[in-house]
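Residue numbers (our numbering), protein chains in the order written: chain U, -14 to 148; chain R, 17 to 358; chain S, 1228 to 1431; chain Z, 11 to 405; chain P, 5 to 103.
In case anyone wonders, no lab produced these hints; they're calculated from the structure. Take these hints with a grain of salt, some might be off.
Once the Cα atoms are required to be at most 20 Å apart in a straight line, the calculated PhoX-like pairs of lysine-lysine come out as [stated by the list, open to error]:
id, chain 1, residue 1, chain 2, residue 2
1, S, Lys1397, Z, Lys88
2, R, Lys355, U, Lys121
3, R, Lys55, R, Lys88
4, Z, Lys199, Z, Lys332
5, Z, Lys199, Z, Lys326
Examples of chain S residues lying across from chain Z (beta carbon under 8 Å, computed) [unchecked claim]:
id, residue
6, Gly1277
7, Thr1312
8, Val1315
9, Gly1317
10, Trp1362
Over the 10 Å line for every Cβ pair with chain Z, so calculated as not near, a few chain R residues [unchecked claim]:
id, residue
11, Lys55
12, Lys88
13, Val117
14, Phe159
15, Val183
16, Phe221
17, Leu228
18, Ala245
19, Phe262
20, Ile290
21, Leu301
22, Ile341
23, Ala352
24, Ile354
25, Val356
Note that the coordinates shown come from a computational prediction; the quantities given were computed from them, not determined experimentally. Yeah, the Cβ is synthetic: ideal placement off N, Cα and C, and Gly gets one too.
If you want the building blocks of each chain, they are given just below.
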Amino acid sequence: MVAQNVAFGILALAMVLAAIGVVRTQNVVHAALYLVVVLAGAAAQYILLAAEFVAWVQVLIYIGAVVILFLFGIMLTRAPMGDLEGLNNRQGLPAVVATLALIGTLTALLVDAFSDQEIVLDAPTPTADIATQVFKVYVVPFEAVSILLLAALVGAIVLARRD
Amino acid sequence: MNALAVEIPWGVLLAIKAVVILAVVPLGALVLGYTFLLKMMSHMQSRLGPMDPGGFHGWFQLIGDGIKFLQKEDIVPDEADRRVFALAPTVVVISTFLIFVVIPAGPRLQVANLDVGVFYALAVSSLSVIGVLMAGWASANKFALIGALRAAAQLIAYELPLLLAVVGVVIQAGTMSLQGIVSAQQDGAIFGWSGIGNPFILTQFVGFLLFLIAAQAELTQTPFDMPVAESELVAGYMVEYTGFRFLFFFIGEFGTATAFAALAATLFLGGWSIPGVHGTAADLLGPLVLVLKLMAVAFLMFWVRFTYPRLREDQLQALAWKVLIPIALVNVIITAIIKVAI
Amino acid sequence: MADLATLTSRITDALGDAVLDAGEARGTLVVRVRPDAWRSTAETARRTLGFDYLSFIAGIDWMPAPVVGLVEGDTSTPAQPSDMTFGVAGSAGRFQVFAHVQSTTQHAGVTFRTDVDEADPRVESWVSVYPGADWHERECWEMYGFVFEGHPSLRHLYLPSEFEGHPLRKDFPLLAREVKPWPGLTDVEPMPGGDDEAGEEGAA
Amino acid sequence: MSTTEQPMTPGFEVDPAAFRHLADAQVNVELDTGDMILNMGPQHPATHGTLRLVVRLDGERVIAADPVIGYMHRGYEKLTEFRTYPQVTTLINRIDWLSSFANEVPFVHAAEQLMEIEAPPRAQYIRTALTELSRIATFLLFLGEMGLQVGALTPAFYGFRDREHVLNLIEAATGGRFHPNFNRIGGLKDDLPWGWIAETRNTMKIVLDACDVFEDLVVGNEIFQARTRSIGIIPGELGASYGVSGSNLRASGVDWDLRRDGAPYLAYPDLDFQVFTHPDGDSFSRYWVRLQETRESARMVLQLLDGMPAGPIMAKVPRIIKVPEGEAWVETENPLGQMGYYVVSKGATGPFRVKIRSASFSNVSILPWMLRGVYVPDVVTILASLYFILGDIDR
Amino acid sequence: MLLNQFLILAAILFGIGMYGVLVRRNGVLVLMSVELMLNAVNLNLIAFSARLQETSGQVFSLFVITIAAAEVGVGLAIILLLYRNFRSPDLDEVHQMKG
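All chains should be modelled from the sequences, with the hints used to inform the complete structure.
In structure tokens:
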């Protein structure tokens, strides 16, 4: 169990630093690359939590598609080399305060509520279980999501097309 | 088995496996793939150059190439984003090596037998796009940027037929574990006759073709090599790379080709399995059989690569969306219906 | 191939009083037209006479080359006559523009020629009739300094944009034999061991 | 005399939709992301030389293209005024360096016309054979290299391999592979070497086989057709008014070949050959026409070998060549198109003014018109299919 | 492993994401920050799923990932549209809708 905690620590540190990078960097492409680190870290955390399938879905969809889309959009809108001025607005200080307040409150709540809960894992979740859940219990949401995806696809094409 | 939750010997085990992945696999992939394919290509194209160095069939060519790349000056363009520029080839190469982790070479010869092996392989192979985009953007070169954008659009488009082609196999085998798929083929039977098992190329022939075509596109090889089109974009996203960084891309290219060939061999040709051979014998013969099957697939892929012209970007997208994906979907549906019916 | 005499009469009839002179240069018809009828000649040639193919437009400077910088007894350069003579169909002065048009169906061709004033070298442009005249006229403009009126963008074609002079005029020295600082030369480090004058001259 | 029958053109027509991009209307852009100016060249593999194309792009589409030439301008027209006639031939060898021999012919012919001498029949036949050989060498390179520009690697190797045989022949006869400088005013420097005719017969078989290979490997390839059909269309009339000539114009349906239709020169009136045209005018038809012309050239060489007359190879020419006063315009059908020299002589040992009309210059001048609205990859196919040599543009 | 270590990590990520949404002006960067927040949510779902030995958490995280992909697709299309019309991906410059 020690190994897992060490792994968690390293991953968590990397994720937080990279997340700060996403919101602080002055270079849009760097932000997307920091996002990759956060997402890969999250995938690794899922593996720690025995959710293998979700982890690889995360890699395939998030890193393999969403971030690519981001980079694509950035490059299509002429991402300049080097740093950009004016990526942030002037609400920096209030935002920091609000963020710290939020994190503080949440942490206090979590410590209060779940501090004695421990995760005990013996084996990774079989993918078949997830499949059973999706297609037996959550089949209606599954179909709803399918239609949403289709709508998003059509919507994106309609938006981006010039007539 | 949970990759990070292995008990005590995991450190030692991981180190051994890391050595295997980092030394044996790429070296093997390179030496085998590069030498075999280069010679094959030289014969096909009446090339004299690669057949010359060292005498017999130009055996020195590979070593000479390596030395050449290593002694080249490492140039980073002035305007380039140095960190991203330096990191990009590594991302591509890492994505390549990660695929080899799940490919079984024998009943026990596998770095990690993941429950979702195929899915994992395809997921990590999509990471290389990030490296490509990084390289294209960080080079501060318009040709590189256009190449990277083309590569990204193409890799996203062909990810779908690739996945869907594999889905047919997964449905038939009933598992996503590569080891499971191999044994499903080894222990399978064709109409009750189990003489050669049931290599899925027989039942999933459409899937096999789709997989090869999509893999060709994922590898950005002719006829889908618009991103690196040397006659217009010079070398696309690689245009500013020299020396060992270029070598990294090169290793990534041939390594990924080998990896996809190995995946195709495992998914459709039965992988390491030889009908009737089990246990330790299979462990010993498995790698050899896998390499032979892999080479057969690679031969096919490179034959196409050295024969065909390239498709234009819009034609290539139309092929993916209008031809390959519908066929793949029909294939999945038919496979599912038959699976349920039987 | 159409008979040369019939071709001549066909062309001179169609062009009317625009024709100043006509002659034959070893099997090729040369027609000299009035400068103010230069564009209308092209229009008649293309639309009425069916010369649909533009071969080239070029200039010529009939002035004899001043013999410059030649060592006595150097036979590698041919000596040209020193008096100004004109070619087939004559010329009013030093400069002429000539163009060759052909017909892809009648398999015939004709060279048109017109005079250009030396003091004010202006010619009508053919671009509106033959779009291919674009580059030929740009070349002619930079080589001879003829201004083609009606040309959309008379820019340098071959030479760097800061080039001075008109190289194909006979009074422009051949730079292989005459030393002139290279026009693009701006930032020259002096050679080790002297001769930094050349560098400064180039920078100037 | 030659025949004019129409060859078996494949039964297809250009898709009318392909003319969409030719219209002057605004370029239709699906995803406008702002213009990007791409500088193709002067060092770029598609321009095989130092042509520079300034291309304004919207996404993958070309909005405007401006060719910038002159990086190789050597001022030949000025240089000829300071050279004697024999010296000029060494210069003009370097205009279209792939078919140098064919460059020499019109100039030497012009000088001969002015001097009113004629090369003996054997010299004419050898000149014709070597001209056709340089045409084959040039076209073999094109047939391979066009494949390379479309993305197929193999045809390029085959093209270079088979061109080597033809270059060997030229070298055996003239002593130079690229710049023979073999023509003399009034004839040739030397007669053919022993065994040359037999060797040429063998090589022509190789060439004809190579043409079959290209027919299968390139013309018959679906992807090649998809990449070249309806791409880069030159309407015949427009092409002519731009001065586009040679195979490029014949591929646009204009049945005009100076070997057959021009003033008679060399041994062409004695030959029986076919002139190929194609109605479409796209990149594919340019490839197709050149392929057929390569075959036809090989057949012409075989005819020339059969009918090769005996006799001297030099006419009687004074020791010091002085060309009488006069003007001459000689045009020939060179591999790249119409090559012409307008020579003005003032009776000296050197020409007074030589206007060099090179084919590629006019062929390329149509590029701004052609490249409007095409995709970036098509720029490369169009450039390759026009087939220009930088020396022939810049002179 | 404690449940809380994952939950607190998720809270921190969520906070950082919120900060990004508040501070960034560039549309693409705002979308990225939203992705950070969604990932924090996913981490929560998976952590609880592991704690409760119950797979529905993972199923929901799959739904979240899918919807996130759809959201990015549409979002980027909107940003491209903005870029086309305003020549800038800056969200603060879009005043026109204020009427």
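How the hints compare with the structure:
As the CA atoms of S:Lys1397 and Z:Lys88 are separated by approximately 9 Å, the hinted pair is consistent with the 20 Å bound. Between the alpha carbons of R:Lys355 and U:Lys121 the distance comes to roughly 19 Å, so the proposed pair stays at or under 20 Å and holds. Taking the CA atoms of R:Lys55 and R:Lys88, the gap is near 24 Å; set against the 20 Å cutoff, the hint is violated. For a cut-off of 20 Å, the pair hint linking Z:Lys199 to Z:Lys332 stands: about 19 Å separates their Cα positions.
For the proposed pair Z:Lys199 and Z:Lys326, the alpha carbon gap of about 13 Å is at most 20 Å, so the pair holds. The restraint placing S:Gly1277 at the interface with chain Z is violated, with a minimum CB-CB distance near 11 Å, outside the 8 Å limit. Because the smallest distance between the Cβ of S:Thr1312 and any Cβ of chain Z comes to about 7 Å, under 8 Å, the interface hint for this residue holds. With a least beta-carbon distance of about 5 Å to chain Z, the hint placing S:Val1315 at the interface is held under the 8 Å criterion.
For the restraint placing S:Gly1317 at the interface with chain Z, the shortest Cβ-Cβ distance is roughly 12 Å, beyond the 8 Å limit, so the hint is violated. This hint holds: S:Trp1362 has a C-beta 4 Å from the nearest C-beta of chain Z, less than the 8 Å allowed. With a least beta-carbon separation of about 15 Å from chain Z, R:Lys55 lies farther than 10 Å from that chain, consistent with its non-interface assignment. For R:Lys88, the condition that its CB be more than 10 Å from all CB atoms of chain Z holds, with the nearest at approximately 19 Å.
At the 10 Å boundary, the C-beta of R:Val117 stays outside the reach of chain Z, the nearest C-beta of that chain being 33 Å off. Residue placement check: R:Phe159 does not keep its beta carbon more than 10 Å from all beta carbons of chain Z (closest about 8 Å). For R:Val183, the non-interface assignment is confirmed: its Cβ lies about 28 Å from the closest Cβ of chain Z, beyond the 10 Å cut-off. The claim that R:Phe221 lies off the interface holds: its Cβ sits roughly 21 Å from the closest Cβ of chain Z, which is beyond the 10 Å cut-off.
Against chain Z, the non-interface label of R:Leu228 holds: every CB pair exceeds 10 Å, the least being about 16 Å. With 10 Å as the threshold on Cβ separation, the claim that R:Ala245 sits away from chain Z is violated: the shortest Cβ distance comes to roughly 6 Å. The Cβ of R:Phe262 sits about 17 Å from the closest Cβ of chain Z, beyond the 10 Å cut-off, so the non-interface label holds. Listed as outside the interface, R:Ile290 is consistent with that label: its C-beta sits roughly 35 Å from the nearest C-beta of chain Z, beyond the 10 Å cut-off.
No beta-carbon of chain Z is positioned within 10 Å of the beta-carbon of R:Leu301; the least distance is around 36 Å. The beta carbon of R:Ile341 is kept farther than 10 Å from every beta carbon of chain Z, the shortest such distance being approximately 19 Å. A cut-off of 10 Å between C-beta atoms confirms that R:Ala352 is not in contact with chain Z; the least separation is 32 Å. For R:Ile354, the non-interface assignment is confirmed: its Cβ lies about 32 Å from the closest Cβ of chain Z, beyond the 10 Å cut-off.
Every CB of chain Z is more than 10 Å from the CB of R:Val356 (nearest about 37 Å), matching its label as outside the interface.
When each numbered hint is compared with the structure, violations occur for hints 3, 6, 9, 14, 18.
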